[in-house]
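Residue numbers (this note's numbering), protein chains in the order written: chain P, 1 to 294; chain X, 295 to 493.
Take the hints with a grain of salt, since some may be wrong.
Said to hold, decoys possible - DSS-like, lysine-lysine: derived pairs with alpha carbons at most 30 angstroms apart: (1) P/52 / X/454; (2) X/373 / P/219; (3) X/416 / P/142; (4) X/373 / P/154.
As the list claims (entries may be wrong) - Simulated coverage check for chain P against chain X, where a stretch passes if three residues somewhere in it have a Cβ under 8 angstroms from a Cβ of chain X: (5) 50-63; (6) 202-213.
To be verified - Label-pair restraints from in silico Cβ distances: (7) X/381 / P/254: 24 to 30 angstroms; (8) P/172 / X/410: 49 to 55 angstroms; (9) X/407 / P/73: 24 to 30 angstroms; (10) X/392 / P/223: 52 to 58 angstroms; (11) X/381 / P/258: 29 to 35 angstroms.
If you are wondering where the hints come from, they were derived from the structure by calculation, not from laboratory data.
Heads up, the beta-carbon is just placed ideally off N, CA and C, and yes, glycines get one too.
Below, each chain spelled out in residue letters.
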Amino acid sequence: MKRLFLLALLFFIISLSGQFSREFNTRRDLETQVGEEKQVTQQVSEKSFLEKNTEQQRDLRQNISKTLREFKSNRSKKVLFIALGIAFLYGIVHSIGPGHGKVFLVSQVLGSEVKYGAIIASSLVFAFLHSLSGLTLVAILKVMSMSLFRESAKFSIIAQNISFVILIGLGFFILLKAIFSKTEEQKHTHQGRNLFVTAIMIGFVPCPGSIIIAVYAMKMGVYSTGLLMVLAMALGMAFTLIALNSLTLFVKSMATLTLANQGNIKRISRVMTIIGSSLLILLGSLFLFTSLTS
Amino acid sequence: MKIFKKSILLILLLSINGILLAHPHLFAGVDIDYDLTKQDTLVIRQRWMFDDLTSMIILEDFDSNCDEVICPSELEELKSCVIPGLKEKRFYTDLVINDKLIIMDEIYNFTVGTDDIYVYYKFDIKVPFNFTESQEVIKVNVYDREFYTKFFVNADSGLKVIKTDDINYSLEVYENKEKSYYLGQLSPLEVKLTLNKDN
Chain P
1 MKRLFLLALL FFIISLSGQF SREFNTRRDL ETQVGEEKQV TQQVSEKSFL EKNTEQQRDL
61 RQNISKTLRE FKSNRSKKVL FIALGIAFLY GIVHSIGPGH GKVFLVSQVL GSEVKYGAII
121 ASSLVFAFLH SLSGLTLVAI LKVMSMSLFR ESAKFSIIAQ NISFVILIGL GFFILLKAIF
181 SKTEEQKHTH QGRNLFVTAI MIGFVPCPGS IIIAVYAMKM GVYSTGLLMV LAMALGMAFT
241 LIALNSLTLF VKSMATLTLA NQGNIKRISR VMTIIGSSLL ILLGSLFLFT SLTS
Chain X
295 MKIFKKSILL ILLLSINGIL LAHPHLFAGV DIDYDLTKQD TLVIRQRWMF DDLTSMIILE
355 DFDSNCDEVI CPSELEELKS CVIPGLKEKR FYTDLVINDK LIIMDEIYNF TVGTDDIYVY
415 YKFDIKVPFN FTESQEVIKV NVYDREFYTK FFVNADSGLK VIKTDDINYS LEVYENKEKS
475 YYLGQLSPLE VKLTLNKDN
């Protein structure tokens with residue numbers, strides 16, 4: 001059953017990977033208009049994964065606002081379910097795109113001895129925190145009559161920088177523990193907890209996508225629907241993270257089994273922990289530096 | 295083994311996406327008008343039409359009397375808030391005339407309007423311009439390198455050239471790979487206007 005689940009998961013993710021291929025040399029003329037004195041030619045290359053992802057996000061956002069407006073006018077349950085379905089899909093597509101601290105969670109899955117259960121739980125914790133911190137921020141800014149447009153961005157940057165500092169600290173903690181702990185038990189205890197701490201730290205940064213949906217729903221006067229949509233979006237984000245992190249764990253397990261015999265599995269595990277924590281420190285420092293200097 | 299390699303590639307690509315810590319949260323369609331009828335000046339008029347969610351946030355912040363329109367006093371507040379940021383980002387516009395990069399310090403006639411539920415910004419870029427060569431080439435790219443805003447140039451219907459009768463032109467729209475950004479995953483659409491004058 002577990003194998004079947006993994007295979008299904010792998011198939012789903014690999015089917016997405018087809019979108020990554022980018023043929024730089026393939027060009028097609030979309031439109032050519034030749035008049036007496038003008039000529040308009042449009043040449044567009046095969047779109048990259050990120051370009052496709054961005055267009056999908058834009059289209060889903062348009063559908064979200066359209067269904068919210070529709071729901072406001074007729075309060076139909078059918079429209080509500082469609083809206084929640086779109087929000088769920090938006091969560092998936094939105095989190096496949098850049099950001100959301102995926103790299104931190106992946107580095108922890110790579111470097112820690114975690115199980116699928118911990119991956120599912122930490123992904124859910126992250127996604128709901130990420131969305132609900134956005135909602136909380138909107139509520140605070142609204143109560144304080146502050147600008148949502150400007151202040152939410154400022155607050156997000158501050159929260160993000162605090163997260164990076166804590167993640168760097170966590171990276172050092174795990175690294176030092178892996179190097180200096182005397183017993184294997186000491187080295188591997190609380191590794192699942194590290195994944196949770198990472199999930200909480202990155203989840204603490206509000207998600208601008210959910211902020212925008214929350215503000216839109218608030219403006220339309222459909223507060224509870226807005227809340228449900230943000231939760232549906234969080235579920236979509238969790239889905240992507242569970243898929244990505246499960247795949248990481250699956251690949252790691254395959255690699256470990258291929259490379260190691262019973263004798264050096266422990267050594268490989270230790271090296272993985274050192275790599276994972278070093279990634280946390282390096283990426284945290286890089287992100288913090290980028291954020292402070294931009 | 296193929297699945298294994300593909301999986302590693304996928305994990306790397308999906309997680310590395312986070313490196314620049316940004317993803318588009320604002321979407322805007324871009325229309326560009328080239329006005330060649332002004333004496334010694336090229337006017338490039340841009341209209342950025344935001345998507346409905348972004349439009350609603352702009353109205354939420356600046357439409358203080360909640361009439362769904364940005365009135366003159368609200369416009370002043372919006373301008374004071376938005377223009378310094380736009381200036382810092384060079385109005386998200388690269389302008390190259392005959393292979394020379396033009397640095398823009400100011401924009402003119404900045405207005406904000408609404409079209410149905412959508413909010414748009416409209417402004418002019420003015421550049422000294424003398425049509426002395428037999429051919430002039432003007433290239434415009436509108437894009438946000440940090441990818442916080444995704445601009446979509448409306449190549450099908452959003453490009454217009456206002457000109458005198460003695461000027462012929464051709465417009466080309468293509469991806470400029472040399473300006474790739476965001477780890478080379480995105481390239482801006484470049485609009486190339488080539489002008490020829492009748493003798």
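Hints and how they fare:
1. Proposed proximity of residue 52 of chain P and residue 454 of chain X is supported: the alpha carbons are some 27 angstroms apart, at most 30 angstroms.
2. At roughly 23 angstroms between alpha-carbon atoms, residue 373 of chain X and residue 219 of chain P fall within 30 angstroms of each other, so this suggested pair holds.
3. A distance of roughly 29 angstroms separates the Cα atoms of residue 416 of chain X and residue 142 of chain P; the hinted pair therefore holds under the 30 angstroms criterion.
4. A hinted pair counts as satisfied when its Cα atoms are at most 30 angstroms apart, and residue 373 of chain X with residue 154 of chain P qualifies at roughly 19 angstroms.
5. Beta-carbon proximity to chain X at under 8 angstroms applies to 7 residues in the segment 50-63 of chain P; the threshold of 3 is reached and the given coverage holds.
6. With a threshold of 8 angstroms between beta carbons, the proposed coverage of the segment 202-213 of chain P by chain X holds, since 4 of its residues qualify and at least three are required.
7. Between residue 381 of chain X and residue 254 of chain P the Cβ separation comes to about 52 angstroms, which falls outside the hinted range of 24 to 30 angstroms.
8. A C-beta distance of roughly 54 angstroms is found between residue 172 of chain P and residue 410 of chain X, which places it inside the suggested range of 49 to 55 angstroms.
9. Between residue 407 of chain X and residue 73 of chain P the CB atoms are about 25 angstroms apart, so this pair conforms to the stated range of 24 to 30 angstroms.
10. A C-beta distance of roughly 56 angstroms is found between residue 392 of chain X and residue 223 of chain P, which places it inside the suggested range of 52 to 58 angstroms.
11. In this structure the hint that residue 381 of chain X and residue 258 of chain P lie 29 to 35 angstroms apart at CB is violated, the actual value being about 55 angstroms.
Checked against the numbered hints above, the structure violates hints 7, 11; every other hint is satisfied.
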